[in-house]
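Line by line, the protein sequences are chains E and G.
1 is the number of the first residue of the first sequence in our numbering; add one for each residue after it.
1 is the number of the first residue of the second sequence in our numbering; add one for each residue after it.
Because the hints were derived from the structure by calculation, they are not lab data.
Since the structure is predicted, the reported quantities are computational estimates derived from the model, not experimental observations.
C-beta: ideal position from N, C-alpha, C; glycine also.
Among the hints, erroneous ones may be present.
To be verified - Result set (SDA-like, lysine to any residue): computed pairs, CA atoms no more than 25 Å apart in a straight line:
1. E:Lys-6 / G:Ser-283
2. E:Lys-123 / G:Phe-86
3. E:Lys-70 / G:Lys-107
What the hints assert, rightly or not - Not everything, but these chain G residues come out facing chain E in the computed CB check (under 10 Å):
4. Ser-6
5. Lys-9
6. Met-10
7. Lys-16
8. Lys-97
9. Asp-99
10. Phe-101
11. Arg-108
12. Lys-110
13. Arg-256
14. Arg-279
15. Gly-282
16. Ser-283
17. Glu-284
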Amino acid sequence: MIEISKVRKVFDDIEAVQNISATIQEGAVFGLVGTNGAGKSTFLRMLAGVLKPDEGTIILDGEEVFENGKAKEKLFFIPDEQYFFPNASAKDMMDYYAMVYREFDKDKFKEYMRRFNLSMERKIHTFSKGMKRQVSVLLGICANTKYLFCDETFDGLDPVMRQAVKSIFVAEMMNRAFTPVIASHNLRELEDICDHVGLLHQGGVLFSKDLEDIKTGVHKIQCVLPDTADEEQLLKELDMLQCTRNGSLLTLTARGTKMEITQRIEQRNPVFWEVLPLTLEEIFISETEVAGYDIKNLVF
Amino acid sequence: MTSKISFSKMTVSDIKRRVWIFAILALILILLMPVATIIIIDRDLADIAKGSLKMVELTADLIRCVGYHNGGISFVTICAAIVCAFSGFGYLYSRKKVDVFHSIPVKREKLFFAQYASGVLLFMIPFLVCEVLAILACITKGVITAGLLKAALLSVSDNFLYFLIFYNVAVIAIMLTGKMLVGALGMLVFWVYFPMMYAIFQGYARWYFNTYYSSPWGSRWIDWLVCLSPVTLYYGTQPGSSLMGMSVSMSAAQLRQIAIIISIVAVVLTFVLLIWLYRKRGSEAAGSSMAFAKSKPVIKVLLMIAITLGSGICFGALVNEESEIWLVFGLLLGLIVAQCFIEVIYTYDIRKVFSHKKSLGIAAGCVVLITLFYRFDLLRYDSYQPNPDNIESVGVSISALDSSISYYMEDSGNFDYNGGDKYRLEHMDLRNVPEVYEIIQQGIKNNKENVTYESLSEDETADFSSMAVCYKLKNGKEIYRNYFINIQEISDQLKILYDQEEFKMAQYPILSTKAENSGEIEVYDINDHHAIKGSDEDNRKLIEAYQADLMNLTYQDMKENTPFGQIIFQTELSEGSGYKYGIYYPLYSVYEKTLKQLKDMGYEIQTEIKISDVTRIRVLLNAAEYWENGENNEGKDYSAPEEIKEIMDASVLSDMEVNAVDVDWEWLITVFYHDQYGHEKTSSCMFRRGKVPVFITQDLDKAVKADIES
Numbered sequence: 001m002i003e004i005s006k007v008r009k010v011f012d013d014i015e016a017v018q019n020i021s022a023t024i025q026e027g028a029v030f031g032l033v034g035t036n037g038a039g040k041s042t043f044l045r046m047l048a049g050v051l052k053p054d055e056g057t058i059i060l061d062g063e064e065v066f067e068n069g070k071a072k073e074k075l076f077f078i079p080d081e082q083y084f085f086p087n088a089s090a091k092d093m094m095d096y097y098a099m100v101y102r103e104f105d106k107d108k109f110k111e112y113m114r115r116f117n118l119s120m121e122r123k124i125h126t127f128s129k130g131m132k133r134q135v136s137v138l139l140g141i142c143a144n145t146k147y148l149f150c151d152e153t154f155d156g157l158d159p160v161m162r163q164a165v166k167s168i169f170v171a172e173m174m175n176r177a178f179t180p181v182i183a184s185h186n187l188r189e190l191e192d193i194c195d196h197v198g199l200l201h202q203g204g205v206l207f208s209k210d211l212e213d214i215k216t217g218v219h220k221i222q223c224v225l226p227d228t229a230d231e232e233q234l235l236k237e238l239d240m241l242q243c244t245r246n247g248s249l250l251t252l253t254a255r256g257t258k259m260e261i262t263q264r265i266e267q268r269n270p271v272f273w274e275v276l277p278l279t280l281e282e283i284f285i286s287e288t289e290v291a292g293y294d295i296k297n298l299v300f
Numbered sequence: 001m002t003s004k005i006s007f008s009k010m011t012v013s014d015i016k017r018r019v020w021i022f023a024i025l026a027l028i029l030i031l032l033m034p035v036a037t038i039i040i041i042d043r044d045l046a047d048i049a050k051g052s053l054k055m056v057e058l059t060a061d062l063i064r065c066v067g068y069h070n071g072g073i074s075f076v077t078i079c080a081a082i083v084c085a086f087s088g089f090g091y092l093y094s095r096k097k098v099d100v101f102h103s104i105p106v107k108r109e110k111l112f113f114a115q116y117a118s119g120v121l122l123f124m125i126p127f128l129v130c131e132v133l134a135i136l137a138c139i140t141k142g143v144i145t146a147g148l149l150k151a152a153l154l155s156v157s158d159n160f161l162y163f164l165i166f167y168n169v170a171v172i173a174i175m176l177t178g179k180m181l182v183g184a185l186g187m188l189v190f191w192v193y194f195p196m197m198y199a200i201f202q203g204y205a206r207w208y209f210n211t212y213y214s215s216p217w218g219s220r221w222i223d224w225l226v227c228l229s230p231v232t233l234y235y236g237t238q239p240g241s242s243l244m245g246m247s248v249s250m251s252a253a254q255l256r257q258i259a260i261i262i263s264i265v266a267v268v269l270t271f272v273l274l275i276w277l278y279r280k281r282g283s284e285a286a287g288s289s290m291a292f293a294k295s296k297p298v299i300k301v302l303l304m305i306a307i308t309l310g311s312g313i314c315f316g317a318l319v320n321e322e323s324e325i326w327l328v329f330g331l332l333l334g335l336i337v338a339q340c341f342i343e344v345i346y347t348y349d350i351r352k353v354f355s356h357k358k359s360l361g362i363a364a365g366c367v368v369l370i371t372l373f374y375r376f377d378l379l380r381y382d383s384y385q386p387n388p389d390n391i392e393s394v395g396v397s398i399s400a401l402d403s404s405i406s407y408y409m410e411d412s413g414n415f416d417y418n419g420g421d422k423y424r425l426e427h428m429d430l431r432n433v434p435e436v437y438e439i440i441q442q443g444i445k446n447n448k449e450n451v452t453y454e455s456l457s458e459d460e461t462a463d464f465s466s467m468a469v470c471y472k473l474k475n476g477k478e479i480y481r482n483y484f485i486n487i488q489e490i491s492d493q494l495k496i497l498y499d500q501e502e503f504k505m506a507q508y509p510i511l512s513t514k515a516e517n518s519g520e521i522e523v524y525d526i527n528d529h530h531a532i533k534g535s536d537e538d539n540r541k542l543i544e545a546y547q548a549d550l551m552n553l554t555y556q557d558m559k560e561n562t563p564f565g566q567i568i569f570q571t572e573l574s575e576g577s578g579y580k581y582g583i584y585y586p587l588y589s590v591y592e593k594t595l596k597q598l599k600d601m602g603y604e605i606q607t608e609i610k611i612s613d614v615t616r617i618r619v620l621l622n623a624a625e626y627w628e629n630g631e632n633n634e635g636k637d638y639s640a641p642e643e644i645k646e647i648m649d650a651s652v653l654s655d656m657e658v659n660a661v662d663v664d665w666e667w668l669i670t671v672f673y674h675d676q677y678g679h680e681k682t683s684s685c686m687f688r689r690g691k692v693p694v695f696i697t698q699d700l701d702k703a704v705k706a707d708i709e710s
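Same shape as in the complex, but just chain G (with noise of 0.2 Å):
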């Protein structure tokens, strides 16, 4: 009977004492709330009398003001964890305070739950209060939606999580240790440390693994650490976001979903914890380092482990990515300044520096193990290869190959700009193509005599490409891979991989676009810009057009010539949503379907350069140090007309890229020409491999014979 009655009166008693808390809070919230949304909507609704607003944008304004989306709000709730939990638990670090609380006719666990509740109440209360307030003013207002309420309700329910797990992070911090200093840095731990083993993991994998690859979409347990820290599960609900630019992102929609289940369960499960925690903590652990015994030589040697390993590939990858030694200093290093620095504040005693060597020799000791897994890549990470009875698909992803298409990915609202390997690896399903299997052969090849970009030339290099590759299992895994390939020696492999249906789709989303779902169209040939401005059905005319061109192109196409242009689809990013985005796509000479349908809509579009608007070529070979650095480094002007006609003819146009024509990277052409209107223009151009036109390379062989003489 008595404790019944004593819970709620000991939750008021707490909040009256930490009322502090409470008028802070209501102050800044009230600022960032109701008052923020109230001038947002005058503001605004100034600016929509005006007609340089519309109401959407309003609405836009006020769900970032009231959302979850608003930064002001979750800093604050973050700080209000930290500041509940340390001011309602704080006393457990105070041996008078133990006294008093843990004398009184209490049981621990009522004292427990008062403090606990009283620490939530005081965030919940004034943050309720004005979210309500800043709805109450969009009612009276009139600029009330769906949207907005649903906008609100999220805020609440997102802050409220993510207060809880802050919260009961920063109470397990306090439950552990016994000192304020101590239990701050817990807390940090807390919050940084799976993070941090996964990006050390990362970094040790990228040193040693050359066919490592950092699926940015996470599939691998590892990727799963980064969702035991309260700041990255925070951060993977926000939308857009990749964690902290580390490559654990998923799809914003998909982590959103994953981070809050994730963090509704961290929550039921550091709630269970600290309970236990508190039941287990005695209250002479008040004025130590840390509340147990026993758990200080094992976080003693997992922080020393983390820091020791980050020590070592700091040193390693920044000061010399070419040498060992320095990550071993580095782990040398690290393993010194953790051990010191984990006995003085366990012990606050400089003298101790040294001690509690067996827990030094076991962090020590797993140091080296993991150090030496990676080093000697135990697991056999670079040599694997799936059984092929196990492979359900494959997809692979080509970085020479279309490197200027950009990709838009629906799921996260985002644009892929470096290749697309995800988009690339998720659409494409490879099936009986023994023809890829090859080009992997080629990659574990090249990987295992150690042909990488440190160990080949520039020149050499240009041949190479990097190429992701997805394997999917039966069993449902997905495991990817990098590898090294040269494209010109398994160009008969391509050119059956790029001829398959599955392939191109997945190449080119353009593909499976709707050709209604199109807006504008845009042209860039050799001189010109041109603006389609064609009906709908001719512009569906000439996206299907398109389509046709590039579902018949092949290697051997794209061997032969490089793109003379560009086309650009406006397309509907996602259906319903109204925001279109321009993707470029390469246009070729042999897109005879295109080019008829443009020449029927009335664009007549150049292919090439004239050998006869040629005014003067210059070319310059790039690798020569003569002429870079000598007086001719600007190249050595042709404007012969035999000599102009033979360099065109050795050459392509590289404005664009030039995929998979076999080129010499070593010069650079630059073409002077006029277009239709009189008007001086350049293009980029390179020789096809061998076929550098002899009075060059003898104009090459004088003028370094001349810089010898001389």
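Chain E on its own, in the form it takes in the complex (with noise of 0.2 Å):
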């Protein structure tokens, strides 16, 4: 378990980290999303023990990261803008790593590269930006370490080897203590693969909960109800995130059981009204947009 307390990073005059405090479960995926200059790859720098904190704890496993070998055996980090020694091949990577990390698993790494149809042998350099990609993440995953830190890794991946990473990602958190910690803006990669995911807001953490609370937590309804003077109850008596008009056609997206909403609405003797699926993109939308980031503003 990787327990963060009241982390805080400062650049110059940019606060980029503002007292974070979180907690990664073993045994889960946890996704990290953000907006652009959140802090997501600050915050997992400081994670893998690349950055100090300012102020804080990062407790993995019981023990400081930052300058704790003990700690960092347990993790690899896998930063967005991968470095492969220059002219070096995948086996002299291995090699490298397989120096560093005690558990690494050489053969597992070449059965890896065999079945991802990548050399052992040819230069890295001379690699596609989605194969480096490849390259990273199966090194990462056969440090075997137990936490594995993703900066915006699934970036540059096609939608096969994306699958395919992920079901890597799978049958390891089953066959040992593994636990994948993914920084990512792509919300729809992490829907299928994410456990628990945390939203970073502007150096903040807006919230850190499962998946399926937060799906279960928040709701898409179009309704058509009789009259304004409804319509205005109901978005008083709803936890609201988002509401949008079309004609008499309102959109809302708000925080709640699927059945205290549909409850609400009933009251109002609706016209029309169902519930619509709601993906992570938009809840995340949504509530950044609670805390001040409207993407209406940003788009012209």
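Got two chains here, each in a separate frame; can you build the complex from them with the hints?
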């Protein structure tokens, strides 16, 4: 388990991460989502022990992460921009990480490389961007660390490879203690793999919840009510995240259980109403809108 | 357990990744060391076989090749240090590299030591191998000597030492910065900052302090500034170095020893510093200009002070030394340029060139304070006079006396041709000679009255001389000043000073030379050159006679006469060295013992020009515009016997030096005469002051009058 307590990081006069507290449970896929500049990469770099928090603590299985080899042995960090040694082949990188990580499984790496149709001997700088991503992920998985921190790792992977990597994650989680932490703003990618999502916004955590709780706690409804007074009353009664109107058709995104919300609507004798499927992306936009990040201001 | 294994593995792994450095270094060093050694041996052995070279010269050539004097190897050492540092720690400039290296389960200290060690090994291994190969080549060719082996060992130790200094300094520059370009600039700043500050302080002292004396062998705190640069430290170990021409040159032997000691200390201190910096450096520094926000204003202020003061003195001294306006202009320009330059480097944003005004203000304040410090002599440098009770002894060096004698500095192996201040001040310990303080008082008075070379006319300056003074205080300090004295006004004091044995012994190294160490002797008299071919005993007697005459020479003798010729003693430069060098000493007609000994050895020395041999005398009023620019610019010739006699009686020879004789510097006299073989010769003379014959001044008046009328 990783316990993050009141972590703060400032670069010059920019507060990249402010007072973040969260808990990452073992055996779950933790998705870290957030707007651009929300502090996802900084947060992950602190989790990986690259950056030292200015304030607060990051405890990984009871150990402070920064400058602690014992804690770092349990994590592997795949940054958003991967670095491979000049002129290195996948074999060279495997040898280096095998030297650094005691549990590195060379056979597994070779096997995955074969399955992904990647050459062990070819110079990595001749690989495509997606192939380099694959090598990074495979190196991270084969390091056999308990935690794997991926920063925008799925960007650049084609859908087939993305699915393949996801299936490797699932297999690893079934076979050993494995907790991936994946930062991304591609919410559709996280939706079908994450168990828990933390939403960062402007350096702070807007929420950190299980995906199921999020999906059962926020709903999107379309309805037509008889008069304006009913509409106003309904909007007051619901915990609204978003409301748009198209003629007499209201589209509402609100917090609450499905039962609570439908009861409130039925009390207003609607002409028409239905619950629409809500994507994680819509929840993300709604939540960040409430926090003052109005996407409409960005659409010209 | 894991970490112990990974250190050596990590070092080897890093060496493998940077094996290109190893390959290039090995190639260059093989060419510079074993290959060059074999070429020298083959070439020199062939010359030895022909008889055109001696074995000792082959050894000297080999020492130059494999020893620490090899400039090519030194250059490679410095380049290797820079390349190893930037290739090893350059990852700190890249966020993506830092993300890899700082997230792996290896402590940063261990990572640092592995990178550091691999950089050192990348240089040391090829260097050692090549040095060993070069020595093996010497052994197999049978030309190895103990001296050569010693030189090779010194080369290894020196190059390793200076590799480490340049390496550490480059790594410190990397630690302090976040971009490669800024790091390279930072390294250059470490190289030049302190020598530059030294030169700047010297420049201001020369500008504002009339009595400033830049002691060329360093004894003040400021002289140690140059030792804070790896470049000057390295240069300080080279034979005969004078620290890039700057005034801080102790003797080369002293400097080398001191430089090596300081270098060892510097290696240790810089290593500790860079470990500390590495620990403190955040990974987020990659990509920023400066790694430590707190260091930014400090570095900026220090750089701005140096750039601004340097710009001020450059404009002031180079454009117009008379005016402070250019100095102020230079200061303002330097301040603005430095502010813009540093802020652009810090922010990479041209719009922010005038940001951080607080540090700009502090730098400007420091510059103003330093300039005022010199301008108003706040430490009263110029009026300094030590309390007589605190003075152990005094040494003086008067540039107008015996300016033609060169002084061999045994400790540096160099000759001092510039009046021998160092030799004289080092060897002169005047005690209980109150006259020396009277002379100094005149210098201080002249300074107070602003009597300088610039304030006097060309003719007036001829009577003046600069005088370097070294106060050797009882507390061990040596304080140097330079005064401007009128030697005619203080001739009474100089008479007493000159007759002191301590003065003469420091003024004339020949007085302390053992007669048996002398080699060939030559004499130049009025007409001839004589190579003295005497027995050892005769030569010894001649030297002893010269020493006695020189010791008996009084200031009054020097006031009345100028030297008629020179004697050259080939003396051994240092005992057992085998090298001999001729040092010129003046011959006066009052040197009875010397002249008698020469006569006894069969040499008839001409001490004067016989009036009967003179055919004509050309007199030129040097300062008179009429004679300089008119048709008589060649001067006027006099050939009547009575005119020749009158001119000769009123003048002294000036071919060598006039020393204390009070002469009229306005006139130049060329005497044309025949030697004993009938050949026409010329000699230069000068009129004694106030003795210019009346007919000459009348001729000048007539000529001027005629010119005005025409």
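Worksheet item: Which of the listed hints are not met by the structure?
Response: 13
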